[in-house]
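These protein sequence lines are chains A and B, in that order.
The first sequence begins at 0 in numbering that gives the first Met the number 0 and counts up one residue at a time.
The second sequence begins at 0 in numbering that gives the first Met the number 0 and counts up one residue at a time.
The reader is advised that the hints may include incorrect statements.
Beta-carbon label-pair distances, calculated as ranges [said to hold, decoys possible]:
no. : chain 1 : residue 1 : chain 2 : residue 2 : range
1   : A       : Gly77     : B       : Glu62     : 21 to 27 Å
2   : B       : Gly281    : A       : Lys158    : 50 to 56 Å
3   : B       : Glu229    : A       : Gly225    : 41 to 47 Å
4   : B       : Asn207    : A       : Gly225    : 49 to 55 Å
5   : B       : Gly308    : A       : Gly140    : 53 to 59 Å
6   : A       : Gly77     : B       : Glu229    : 55 to 61 Å
7   : A       : Ile18     : B       : Ser224    : 27 to 33 Å
8   : A       : Gly77     : B       : Thr61     : 37 to 43 Å
9   : B       : Asp168    : A       : Glu107    : 42 to 48 Å
Quick caveat, the hints were computed from the structure, so don't treat them as lab data.
Computed from a prediction, not measured in an experiment: that's the story for all the values here.
No residue lacks a Cβ here, since even glycine has one placed at the ideal position from N, Cα and C.
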Amino acid sequence: MNTNDTLIPHIGVVTDIRIDTPDVKTFRVEAPEGGKVFEHMPGQCAMLSIPGVGEAMFSITSSPTNKEFMEFSIKKCGCLTNWLHAMDVGQMITIRGPYGNAFPVETELKGKDLLFIAGGIGLAPLRSVINYVRDKRENYGSIQVIYGSRSKDDLVDYKEILDEWMTDDGVEVDLTIDNAQEGWDGHVGFVPNYVKELNPSTNKTVLVCGPPIMIKFTLAGLKELGFTETQVYTTMELRMKCGVGKCGRCNIGNKYVCKDGPVFRYDQLGELPDEY
Amino acid sequence: MLRISADKIYELLGAASAAQTVYIPSEREDGEAEFKKYESGMKLTNRLNTLRSAKDFFFPQTEDLVEFKVDGKNIEISDVRKESEDFIIFGVRPCDARSFTILDKVYLVEPVDSFYKNRRDHGTVVTMACSRPAETCFCQTFGIDPTAPEGDCSVWNDGSYYYFKSNTDKGQKFIDSVTSLLEESDTAELDKSIEKTKEVMKKLPLANLSTENFGGDKLNEYFSSDKWAELSESCLGCGTCTFVCPTCQCYDIKDFNTGHGIKRYRCWDSCMYSDFTKMAHGNPRLTQLERFRQRFMHKLVYFPANNNGEFGCVGCGRCLSKCPISMNIVKVMKALEVK
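So that you can see chain A by itself, here it is in the shape it has in the complex (with noise of 0.2 Å):
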């Protein structure tokens, strides 16, 4: 038995942990000689493990466009994310991928004018795609980023927001917090009202990502604003164990989340049932 299966992981190795926020951590993995286990593109995910702990699938929040290493922004909630968050660097875990679709960056987004929305955690995954469309500035419109979460403390990838995304010309980042704290000054409001607020051009077109309750009324508000269902694309998330649509868990209708999504397009998302 010589061939490669994809059930079998890979050794990575955490070369540095982030404290995010009181519940985000981002890890930088490597593989134990250096550099990525392997390549993927912006919306991929990969499965991490520790194990005798467990195994569980991770949007790469880091953009392909990095070489040296990926990293995964990991919030606590459960069995293994709670292991993950103790762990020191230096740390061997297991790893396999890539696995999904990708956000189409060098088809259907190619040229385009981007709005990305995330709420909390949800920037994981769009974070990949804005620092690859950065990085390949020149191939893209305007990049709009509208971010909420529920306080300062919550906002994920904070400094890389005010010190890169923020003084990136071309880049409009505009952020907001559920409720007004002290040493804020920014916006205060909840993400999908602050896109009304905006009202943002209908030419764009819109990355979302976030709560299941955020990106309900977000795409409620965009729609009033007059963007077409075609125009937007979220990444789903569900239970899952194998990554290739085999295990038979993640499936909304006959598509797999793991294997034909986790990105989709509004217009595809509305055919499925709705049982996510």
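For chain A, the structure is supplied; the task is to place chain B on it using the hints.
Coordinates of chain B only, in the frame set by chain A:
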């Protein structure tokens, strides 16, 4: 066609098992049939079908995937896969034989599942045509002819003789290995017996069950049907239907600490279970209605949508006889049907 007298069949099985392991459907103490490794003195069951389907041979209930040694921060991965030995499954029914081609559409499409393929490559499927189909049989609904079974080699038993026909190289290899025991004959007697079976098939209670109202294009129509509530009301979520089903292919992946390392294995899972889709933030299939609907939508709509109209059922009837609340795919099809 080549044939052997019925009283010599064990001679043939003995000869075949000298070269490689042969499994035959045989009766347990409780009277249920199961596939067992053939040894001299064992008898073929008179039962129409085995309690569990034959999918275990290629997709076993549990199997090891990979092992880990964990030492502090270090992890070592060992590939525990071994080349399977050649084996023969003798007496697979036509429904179960078709289930293998359905499982192939899941496990042999890219990325190929090497665990499944390994067994598939080394297994020879010898199918046994049915001469006494049961009241719970509805393989005809899915275009399966129980008198003309698929598989590597087809076998017919007319009471007096077993007749053999190879369909693949593997099947021919099997016949070659026992050819000295076989004699050439015409099929007049066999044809008569097949005709009789065909008459029985026409009279089966489910003979007219049709799939014409099902398929990949019926997604929204059936998903939102108000029939699901009543159909699923008594479902216990026991998963028996998925475990006896020859085409149910869902699995879980779990880790087990052996004391010397971590073993990662996969095992059958069931969409009927409440934690099948449960996540940290919630469960998209919260009640048994959604889980029940998933199973039948998968077989009657989703699978055909993804596989050129082929259904994820072979009409073996196991779920009809085993469901503790007597719910089954036939009742679901009849209740849902949009005329």
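Legend entry - Range hint compliance [Cβ, Glu229 of chain B to Gly225 of chain A, 41 to 47 Å]: holds, 43 Å
Legend entry - Range hint compliance [Cβ, Ile18 of chain A to Ser224 of chain B, 27 to 33 Å]: violated, 49 Å
Legend entry - Hint check for Glu62 of chain B and Gly77 of chain A - Cβ pair distance inside 21 to 27 Å: Holds, since Gly77 of chain A and Glu62 of chain B (Cβ atoms, about 26 Å apart) stay within the stated range.
Inset, instruction - Look at the Cβ atoms of Gly77 of chain A and Thr61 of chain B and judge whether their distance stays inside 37 to 43 Å. - result: violated, 24 Å
Legend entry - Cβ distance range 53 to 59 Å for Gly308 of chain B and Gly140 of chain A, holds or violated: The hinted range 53 to 59 Å is violated for Gly308 of chain B and Gly140 of chain A, with Cβ atoms some 43 Å apart.
Inset, instruction - With 50 to 56 Å as the target window, see if Gly281 of chain B and Lys158 of chain A comply at their CB atoms. - result: Roughly 31 Å apart at Cβ, these two residues miss the hinted range, so it is violated.
Inset, instruction - May I ask you to test the hint 42 to 48 Å on the CB atoms belonging to Asp168 of chain B and Glu107 of chain A? - result: For Asp168 of chain B and Glu107 of chain A the Cβ distance comes to about 46 Å; the hint holds.
Inset, instruction - Kindly confirm whether 49 to 55 Å is satisfied by the beta carbon distance between Asn207 of chain B and Gly225 of chain A. - result: holds, 53 Å
Legend entry - Whether the CB-CB distance between Gly77 of chain A and Glu229 of chain B falls inside 55 to 61 Å: violated, 35 Å
Checked against the numbered hints above, the structure violates hints 2, 5, 6, 7 and 8; every other hint is satisfied.
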